[in-house]
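Starting from the structure of chain Y, add chain X with the ligands where the hints point.
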Amino acid sequence: MLTIENLNKSFGGLQAVRNCSFNIEEGTITGLIGPNGAGKTTTFSMIAGELVPTSGRIVFEDNDIAGLPTHEMFHRGIVRTFQIPHEFAKMTVLENLMVVPPEQPGERLFANWVSRGQVKRREHEVRDRAEDALDFLSIAHLGDEPAGNLSGGQKKLLELGRTMMTDAKLVLLDEPGAGVNPTLLLKIREMISRLREERDYTFCVIEHDMDLIASLCDPVIVLAEGTVLTQGTMAEVRSNPDVLDAYLGGGEEE
Amino acid sequence: MDQFYGIFLYIISLLTMGGIYAILALGLNIQWGFTGLFNAGIAGFFAIGAYVSAILTTAPSLRHLGGYELPYVVSFAAAMVVSGIIAWAVGKVCLKLRADYLAIATIGIAEIFRLILKNETWATNGPRGVSMIPKPFETLPEPWNHLCFLGLILAVIVVIYLLLETARNSPWGRVMTAIRENEKSAMAAGKDIEKFRMEAFVAGCMLMALAGAFIAHYLKFIGPNATDPLTSTFLVWVMLVVGGSANNRGAILGAFLMWTIWSASEILTSRLPDELAIRTAYIRIFLIGLALQIFLQRFPKGIFPEVRPKPERRQSVSDGVTDNATSR
Ligand SMILES: Nc1ncnc2c1ncn2[C@@H]1O[C@H](COP(=O)(O)OP(=O)(O)OP(=O)(O)O)[C@@H](O)[C@H]1O
Ligand SMILES: [Mg+2]
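Taken in order, these protein sequences are the chains called Y and X. The first sequence begins at 220 in this note's numbering and counts up one residue at a time. The second sequence begins at 8 in this note's numbering and counts up one residue at a time.
Simulated from the structure, these hints should not be mistaken for laboratory data. Cβ atoms here follow ideal geometry from the backbone N, Cα and C, with glycine treated the same way. One or more hints might be untrue.
[To be verified] Straight line, CA to CA, 25 Å or less: simulated BS3-like cross-link-like pairs of lysine-lysine: (1) X/202 with Y/309; (2) Y/309 with X/308; (3) Y/339 with X/202; (4) X/317 with Y/309; (5) X/191 with Y/388; (6) X/191 with Y/309; (7) X/317 with Y/339; (8) X/142 with X/125; (9) X/99 with X/191.
[Claimed, not checked] Quick look at which bits of chain Y chain X covers, simulated, 3 or more residues with Cβ under 8 Å: (10) 286 to 298; (11) 303 to 313.
Just chain Y, same shape as in the assembly (with noise of 0.2 Å):
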């Protein structure tokens, strides 16, 4: 579904991503893990559209996507969440959700003065959705608080709300789990599946969780220093002398 090839991305003298190349199945959980400062979040960004790639190629669909902005992807079907979380201070939980689906006509300025019957309705199932998503994630009870006064876990799940406002195909995770308690951990957890099994998503999740990964992924991809260091199954990944040495250590994590 995607493929990545030869990517890389150079920060002034710094460079975050070298000559990275992985694939990511259709259908597929794929797990991204690797120690802090090792790429993945600068990984994201450049599929996503937020980071222009220095060089080297993002397929998707078998189409080079690498360079085109942000919301020309999320057309393509490609949607991300932050790994901190970027809300909408000042607007309710709701209508952080609300903003999300695409081509709403209310979103046309002269539709709002000239077909407000056509605008309404499609409101009425923007907001349907957006309460599902909230009654999903268990902050139904703060969508009409603003944004900003939620705590960093509740945050983080608005984050993830996002991702199931629109029809994605490809949703990149940046730690779903990190700040999350562990009861509505086993939630998303059961959600990511859920999603892939009734919607067809394909996932790709950055995590420092290995339970999570565990549990969740398969594949893993391993980076380290801006590159693969290996990739398979996690049972494969945890027996790798190099990914034991770069990053898991003697099973601790952060």
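What follows is chain X with the ligands alone, placed relative to chain Y:
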């Protein structure tokens, strides 16, 4: 009796000018309040509107381009369209820039317009400006001519207000707020933020040109000095901030309020002794600055702060199961 009539006329002029500024403030509100675009070149778009409408309606004159004598509807529409097109071109270049650079770029562009208006004498009569601009309702007897002109402006404000409130409460307004709140996230939500910003920038500049057209016809004269950044750009910003950014009623209130203060400061400073009189210009600006300070101390978010529309909630089907409050 005469004195009362004088006060009556003064109040009408106060409301008329306040109303023209309200249109400017509403225009800026679309850009800054809704979308977070820092336009520091209001004077430029104001001037474009004023000159376009003036030139299209005046009788032939050897001093400047003109003699088209078109109806007001056409000249007002043309003022807005020309300003919109120029805003589009400016936006193409500048909206890609970071917010603070947009401010600098728009200051520069407004100054360029001012210099063009001053120096392209064949078209604008240079520093002496365009005079004998016709004024709607001027053939009516006193004070009906003034009252009708005021009525026209107030009616225009009501229409703009209703249109903008609808826009603000719509999905369009929601996207605009999202862009203002978090650009990165708005992009991740699939919004073409450049396109949306362009819409806000163009719409705002069109309103500024409309205000410019009104001022040209109201004063019956327009010169490069009437589009001085101090009295247009700076004052409009103060109006919006005092009234309440991102609130249309705030923009309107702020305009009338600050214009009243600005105008009163003229009366005040005109009574000053001679040696101070030459400093009136500074003193008036100082008074406006002081007023801004006082209002912001009292109303840090403006007199009418932003109120985001709250979407109606769905009646909950499964109350009670959703109590997994989380924390880090
Ligand atoms: N915008 C930027 N400007 C400069 N350097 C950057 C930028 N973004 C990332 N980097 C650098 O690139 C390297 C890789 O960063 P990246 O965020 O991709 O790491 P990561 O694998 O996501 O780490 P973590 O697990 O801590 O989130 C780091 O050394 C970082 O300092
Ligand atoms: Mg990261």
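Against the structure, the hints:
At roughly 22 Å between alpha-carbon atoms, residue 202 of chain X and residue 309 of chain Y fall within 25 Å of each other, so this suggested pair holds. For the hint pairing residue 309 of chain Y with residue 308 of chain X, the CA-to-CA distance comes to about 13 Å; that is within 25 Å, so the pair holds. The straight-line distance between the Cα atoms of residue 339 of chain Y and residue 202 of chain X is roughly 23 Å, inside the 25 Å bound, and the hint therefore holds. Of the supplied pair hints, the one linking residue 317 of chain X and residue 309 of chain Y holds, its CA atoms being roughly 11 Å apart against a limit of 25 Å.
Taken as a hint, the residue 191 of chain X and residue 388 of chain Y pair is honoured in the structure, with Cα atoms around 21 Å apart against an allowance of 25 Å. Of the pairs offered as hints, the one joining residue 191 of chain X and residue 309 of chain Y holds, with about 15 Å between alpha carbons and a cut-off of 25 Å not exceeded. Taking the CA atoms of residue 317 of chain X and residue 339 of chain Y, the gap is near 15 Å; set against the 25 Å cutoff, the hint holds. The straight-line distance between the Cα atoms of residue 142 of chain X and residue 125 of chain X is roughly 23 Å, inside the 25 Å bound, and the hint therefore holds.
At roughly 20 Å between alpha-carbon atoms, residue 99 of chain X and residue 191 of chain X fall within 25 Å of each other, so this suggested pair holds. Check result for the segment 286 to 298 of chain Y against chain X: holds, 6 residues qualifying (beta carbon to beta carbon below 8 Å, three or more required). Coverage of the segment 303 to 313 of chain Y by chain X holds. Counting CB-CB distances below 8 Å, 8 residues qualify, and the rule asks for three or more.
Figure legend: structure checked against the earlier numbered hints; every hint is met.
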